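Q: Okay, here's what each chain looks like letter by letter:
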Amino acid sequence: MRTRLFAILAALLLAAGAAVAQEPIRIGAFLAATGGAAFLGDPEQKTLELYVEKLNAAGGLMGRKLQLISYDSAGDAEKARTFVKRLIEQDKVDVIVGGSTTGETMAVVPLVEAAGVPFISLAGAVVIVEPVKKWVFKTPHTDRMACERIFLDMRARNIERIGLISGAGGFDKSMRGECLKVAPNHKIQIVADEAYGVRDTDMTAQLTKIKNTPGIQAVLNAGFGSEPAVVTKNYRQLAIGVPLYQSHGVASKEFIKLAGDAAEGVRLPAAALLVAETLPEADPQKKVVVGYSREYTTRFKSDISTFGGHAYDGLMLAAEAIRRAGSTNKEAVRSALESIKGYVGTGGVVNMSAQDHMGLDVSAFRMLEVTKGDWVLVK
Amino acid sequence: MSAQLAQYLLSGLTIGAIYALVALGFAIIYNASHVINFAQGEFVMIGGMATVAFAGAGLPLALAIPAAVLGAVAVGLALEKFAVEPARGASVVTLIIITIGASILLRGLATLVWDKKLHALQPFSGDKPIELAGATILPQSLWVLGVTLGIVLLLAWFFGRTLTGKAMLATSHNPLAAQLCGINVRFVLLLSFGLSAALGAIAGILIAPITLTSWDVGVMLGLKGFAAAILGGLGSGAGAVVGGLALGIAESLGAGYLSSAYKDAIAFVILLAVLFFMPSGLFGKKSAERV
Numbered sequence: 001m002r003t004r005l006f007a008i009l010a011a012l013l014l015a016a017g018a019a020v021a022q023e024p025i026r027i028g029a030f031l032a033a034t035g036g037a038a039f040l041g042d043p044e045q046k047t048l049e050l051y052v053e054k055l056n057a058a059g060g061l062m063g064r065k066l067q068l069i070s071y072d073s074a075g076d077a078e079k080a081r082t083f084v085k086r087l088i089e090q091d092k093v094d095v096i097v098g099g100s101t102t103g104e105t106m107a108v109v110p111l112v113e114a115a116g117v118p119f120i121s122l123a124g125a126v127v128i129v130e131p132v133k134k135w136v137f138k139t140p141h142t143d144r145m146a147c148e149r150i151f152l153d154m155r156a157r158n159i160e161r162i163g164l165i166s167g168a169g170g171f172d173k174s175m176r177g178e179c180l181k182v183a184p185n186h187k188i189q190i191v192a193d194e195a196y197g198v199r200d201t202d203m204t205a206q207l208t209k210i211k212n213t214p215g216i217q218a219v220l221n222a223g224f225g226s227e228p229a230v231v232t233k234n235y236r237q238l239a240i241g242v243p244l245y246q247s248h249g250v251a252s253k254e255f256i257k258l259a260g261d262a263a264e265g266v267r268l269p270a271a272a273l274l275v276a277e278t279l280p281e282a283d284p285q286k287k288v289v290v291g292y293s294r295e296y297t298t299r300f301k302s303d304i305s306t307f308g309g310h311a312y313d314g315l316m317l318a319a320e321a322i323r324r325a326g327s328t329n330k331e332a333v334r335s336a337l338e339s340i341k342g343y344v345g346t347g348g349v350v351n352m353s354a355q356d357h358m359g360l361d362v363s364a365f366r367m368l369e370v371t372k373g374d375w376v377l378v379k
Numbered sequence: 001m002s003a004q005l006a007q008y009l010l011s012g013l014t015i016g017a018i019y020a021l022v023a024l025g026f027a028i029i030y031n032a033s034h035v036i037n038f039a040q041g042e043f044v045m046i047g048g049m050a051t052v053a054f055a056g057a058g059l060p061l062a063l064a065i066p067a068a069v070l071g072a073v074a075v076g077l078a079l080e081k082f083a084v085e086p087a088r089g090a091s092v093v094t095l096i097i098i099t100i101g102a103s104i105l106l107r108g109l110a111t112l113v114w115d116k117k118l119h120a121l122q123p124f125s126g127d128k129p130i131e132l133a134g135a136t137i138l139p140q141s142l143w144v145l146g147v148t149l150g151i152v153l154l155l156a157w158f159f160g161r162t163l164t165g166k167a168m169l170a171t172s173h174n175p176l177a178a179q180l181c182g183i184n185v186r187f188v189l190l191l192s193f194g195l196s197a198a199l200g201a202i203a204g205i206l207i208a209p210i211t212l213t214s215w216d217v218g219v220m221l222g223l224k225g226f227a228a229a230i231l232g233g234l235g236s237g238a239g240a241v242v243g244g245l246a247l248g249i250a251e252s253l254g255a256g257y258l259s260s261a262y263k264d265a266i267a268f269v270i271l272l273a274v275l276f277f278m279p280s281g282l283f284g285k286k287s288a289e290r291v
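Protein chains in written order, with the numbering used here: chain A, 1 to 379; chain B, 1 to 291.
By construction, these hints were calculated from the structure, which means they are not laboratory data. Source: prediction; values computed, not measured. Beta carbons: idealized from backbone N, C-alpha and C, even for Gly. Check the hints yourself; a few may be wrong.
[To be verified] If the Cβ cut is set under 10 Å, some of the chain B residues that face chain A in the computed set are:
id : residue
1  : ALA3
2  : THR14
3  : LEU59
4  : GLU85
5  : ASP115
6  : LYS116
7  : GLN179
8  : THR211
9  : VAL217
10 : ASP264
11 : LEU275
[Said to hold, decoys possible] Think about it this way: if two alpha-carbon atoms lie no more than 25 Å apart in a straight line, the pair counts; the simulated DSS-like pairs of lysine-lysine are:
id : chain 1 : residue 1 : chain 2 : residue 2
12 : B       : LYS117    : A       : LYS301
13 : B       : LYS117    : A       : LYS372
14 : B       : LYS116    : A       : LYS79
15 : B       : LYS117    : A       : LYS257
16 : B       : LYS128    : A       : LYS372
17 : B       : LYS166    : A       : LYS257
18 : B       : LYS116    : A       : LYS46
19 : A       : LYS173    : B       : LYS117
20 : B       : LYS117    : A       : LYS46
21 : A       : LYS301    : B       : LYS116
22 : A       : LYS253    : B       : LYS166
23 : B       : LYS128    : A       : LYS253
24 : A       : LYS253    : B       : LYS117
25 : A       : LYS253    : A       : LYS301
26 : B       : LYS128    : A       : LYS257
27 : B       : LYS117    : A       : LYS79
28 : A       : LYS134    : A       : LYS79
[What the hints assert, rightly or not] Far from chain B, by Cβ distances over 10 Å, these chain A residues were calculated:
id : residue
29 : GLN22
30 : LYS92
31 : ALA114
32 : ASN185
33 : LYS187
34 : GLU194
35 : ALA205
36 : PRO243
37 : GLN285
Chain A extracted, bound-state conformation (with noise of 0.2 Å):
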């Protein structure tokens, strides 16, 4: 009797203890792939898909098979906020890898605080990492950072009065807000400051404001989604004549498509990804951009984004925090993730600290023209 009781114990410990083993390492993604911000969101979502996958099919991290759970919050910050409680409460998440946009990211930020869930955000506002917060990184480059690499393009050309454009979103308000902050230390004066509206179809009034500015040198247009596309196409049509530049948040060639031929000789910030077959030999991000991008397009039979390189690089991170931890335990991976130095991603090399939750410096960016309907690096 008492050996049988004993051996039936034994078993359910052991099936309990394997149970545990199983327990796949969840990964909650909240995405834009559909709506206004589906070029940053379908291939974020199409990254994590395919790299989990890889993941597994080497063994999965400590044994464990990797599950990931992802919703498409549609650039929307309502839905990005109902999504990621689901994530947290429901499906029971060990870390947290989304917010295709600002608006999105800062709207489940005091979520993901309250509940201790390490979170690496694929937005590119600087107010995500600044001031920092105790489990929220970032693996996207910031605006500010943006608008510094334009600046120092521009001084470069001899350009000092320029005009500024942006829309009502948060990345815009937020980019502009940066730009207008850092401008003076690079010696550039923003003479014209326009603005449009989400989902605008003709800026030609505010562009010709900007056009009528005297001394105008150069147009900075810091905006993202479907509107720079048309910012684009009206500059051609006004024969504005001076060089634009557009943010990061374009770097896609879905912007090239929308705008078409008036894309030419735009210039804008994006990582090294883009142009990952022409970097040079000795470039130290040469091996992860050129795997990334070969893999990502034999897959997927579609262009390459740098958007899709930052969830790349935020599960990338992820994985090799859970690795270094040795566990899912929330508050482990958070440290291990602080500790990560040298991380060479898509995005540049990542040195991240308990001050900087987003690790990269502004030689990250590199300056890319739109040569021919593709990307050429600016030297």
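Add chain B to chain A, keeping to what the hints say.
A: For chain B alone, coordinates are given in the frame of chain A:
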């Protein structure tokens, strides 16, 4: 300064012509049935998206455009046959809500049939800007203005000189009397929906190369076209055209001289102002109820 003004006026006229076409669609259906068809914007969307789809499938533009217009007309006729006609006896408010429901359905169907992405349609005759009085205008804008003018003249001839057109006008004045005169009122209603759908689709196709098209362009364009129709006087054809052009120009001047961030608000501020102070619009007949 005047080059700037010229630019605003030209942009305003271009988008105003589109609002005029949409407003005409509202006017025609309102005349035939006293129903405000809030799915009008969706006809605009269908025109643009269907053309993009057909052109993407390999059809030359000259075939894709008529095919898209026919598609929109088919949707318009289906809307009338299956949504409006069965509810003919219902109150006007009920019918309006039915059209709102139809517009939501059409938007949802659009995301299934096509997708949620933005699409560019190639311009009809290139996109090299043309200089005019110090401002620049796209060749596509000339298409918009030219085709709109042509359509307005065509409609004027149709309603003024053909029997079918006069029958539609008669129905709008007094449906019972028209029926007694032997006019098939149900056919007139069907025709009005088909005609409005065609107008909306043409507007959508004309503007797609300039403003890009997607599954939800119909919402704003429909509402602004409605504002233009109210401005001009609901039911008046001339009012629809004048209202559309006026609205387009007001929007462009407002964005240029007042505030570019609140461009969309201009149309709706005008709508509110008209409804408060001049409900019958610029050309509408002041209605009096006999008690």
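Q: Hint by hint, note whether the structure agrees.
A: Status of each hint after checking the structure:
1. Because the smallest distance between the Cβ of B/ALA3 and any Cβ of chain A comes to about 8 Å, under 10 Å, the interface hint for this residue holds.
2. About 8 Å separates the beta-carbon of B/THR14 from the nearest beta-carbon of chain A, less than 10 Å, and the hint is met.
3. The interface hint given for B/LEU59 is violated, since its Cβ lies 20 Å from the closest Cβ of chain A, which is over the 10 Å cut-off.
4. Annotation: B/GLU85 was flagged as interfacial toward chain A, and the flag is violated, the nearest CB pair being 34 Å apart, outside 10 Å.
5. At its closest, the beta carbon of B/ASP115 sits 8 Å from a beta carbon of chain A; the interface hint therefore holds under the 10 Å criterion.
6. The interface hint given for B/LYS116 is met, as the beta carbon of that residue sits about 4 Å from the closest beta carbon of chain A, less than 10 Å.
7. The interface hint given for B/GLN179 is broken, as the beta carbon of that residue sits about 43 Å from the closest beta carbon of chain A, more than 10 Å.
8. For B/THR211, the interface hint holds, since its Cβ comes within 10 Å of a Cβ in chain A; the closest pair sits about 3 Å apart.
9. Against a cut-off of 10 Å between C-beta atoms, the interface hint on B/VAL217 holds, since the closest Cβ of chain A lies about 8 Å away.
10. Hint status for B/ASP264: holds, given a least beta-carbon distance of 5 Å to chain A, under 10 Å.
11. Interface hint at B/LEU275: violated, since its Cβ lies 23 Å from the closest Cβ of chain A, which is beyond the 10 Å cut-off.
12. Between B/LYS117 and A/LYS301, the direct Cα distance comes to roughly 18 Å. Compliance with the 25 Å bound is thereby established for this hinted pair.
13. Distance restraint check for B/LYS117 and A/LYS372: the Cα-Cα separation of roughly 24 Å lies within the 25 Å cut-off, and the hinted pair is therefore satisfied.
14. With a C-alpha separation of about 17 Å, the suggested pair B/LYS116 and A/LYS79 falls inside the 25 Å cut-off, and the hint holds.
15. In summary, the hint linking B/LYS117 to A/LYS257 is supported, as the alpha carbons are separated by about 12 Å, within the 25 Å threshold.
16. Of the pairs offered as hints, the one joining B/LYS128 and A/LYS372 holds, with about 17 Å between alpha carbons and a cut-off of 25 Å not exceeded.
17. For the hint linking B/LYS166 to A/LYS257, the alpha-carbon distance of about 47 Å lies beyond 25 Å, and the restraint is violated.
18. At most 25 Å may separate the alpha-carbon atoms for a hinted pair to count; B/LYS116 and A/LYS46 meet this at roughly 17 Å.
19. Between the alpha carbons of A/LYS173 and B/LYS117 the distance comes to roughly 23 Å, so the proposed pair stays at or under 25 Å and holds.
20. Under the criterion of a C-alpha separation no larger than 25 Å, the hint pairing B/LYS117 with A/LYS46 is consistent with the structure, at around 16 Å.
21. Simply put, A/LYS301 and B/LYS116 have alpha-carbon atoms about 20 Å apart, close enough for the 25 Å limit, and the pair holds.
22. Between A/LYS253 and B/LYS166 the alpha-carbon distance is near 52 Å, which puts this suggested pair outside the 25 Å criterion.
23. For the hint pairing B/LYS128 with A/LYS253, the CA-to-CA distance comes to about 23 Å; that is within 25 Å, so the pair holds.
24. For the suggested pair A/LYS253 and B/LYS117, the alpha carbons sit about 13 Å apart, so the restraint of at most 25 Å is met.
25. For the hint pairing A/LYS253 with A/LYS301, the CA-to-CA distance comes to about 13 Å; that is within 25 Å, so the pair holds.
26. With a C-alpha separation of about 18 Å, the suggested pair B/LYS128 and A/LYS257 falls inside the 25 Å cut-off, and the hint holds.
27. Of the supplied pair hints, the one linking B/LYS117 and A/LYS79 holds, its CA atoms being roughly 19 Å apart against a limit of 25 Å.
28. Taking the CA atoms of A/LYS134 and A/LYS79, the gap is about 23 Å. The hint holds against a cut of 25 Å.
29. Every beta carbon of chain B lies more than 10 Å from that of A/GLN22, the smallest distance being close to 38 Å; the non-interface claim holds.
30. With a cut of 10 Å on Cβ distances, A/LYS92 stays outside the contact zone with chain B, its closest approach being about 30 Å.
31. Here A/ALA114 stays apart from chain B, with its beta-carbon at least about 32 Å from theirs, past the 10 Å limit.
32. The claim that A/ASN185 lies off the interface holds: its Cβ sits roughly 27 Å from the closest Cβ of chain B, which is beyond the 10 Å cut-off.
33. Listed as a non-interface residue, A/LYS187 keeps its Cβ farther than 10 Å from every Cβ of chain B; the least gap is roughly 27 Å.
34. Listed as outside the interface, A/GLU194 is inconsistent with that label: its C-beta sits roughly 5 Å from the nearest C-beta of chain B, within the 10 Å cut-off.
35. The claim that A/ALA205 lies off the interface is violated: its Cβ sits roughly 4 Å from the closest Cβ of chain B, which falls inside the 10 Å cut-off.
36. Non-interface call for A/PRO243 relative to chain B: holds, since the shortest CB-CB distance, roughly 18 Å, exceeds 10 Å.
37. Every beta carbon of chain B lies more than 10 Å from that of A/GLN285, the smallest distance being close to 30 Å; the non-interface claim holds.
Violated hints for the displayed structure, listed by number in ascending order: 3, 4, 7, 11, 17, 22, 34, 35.
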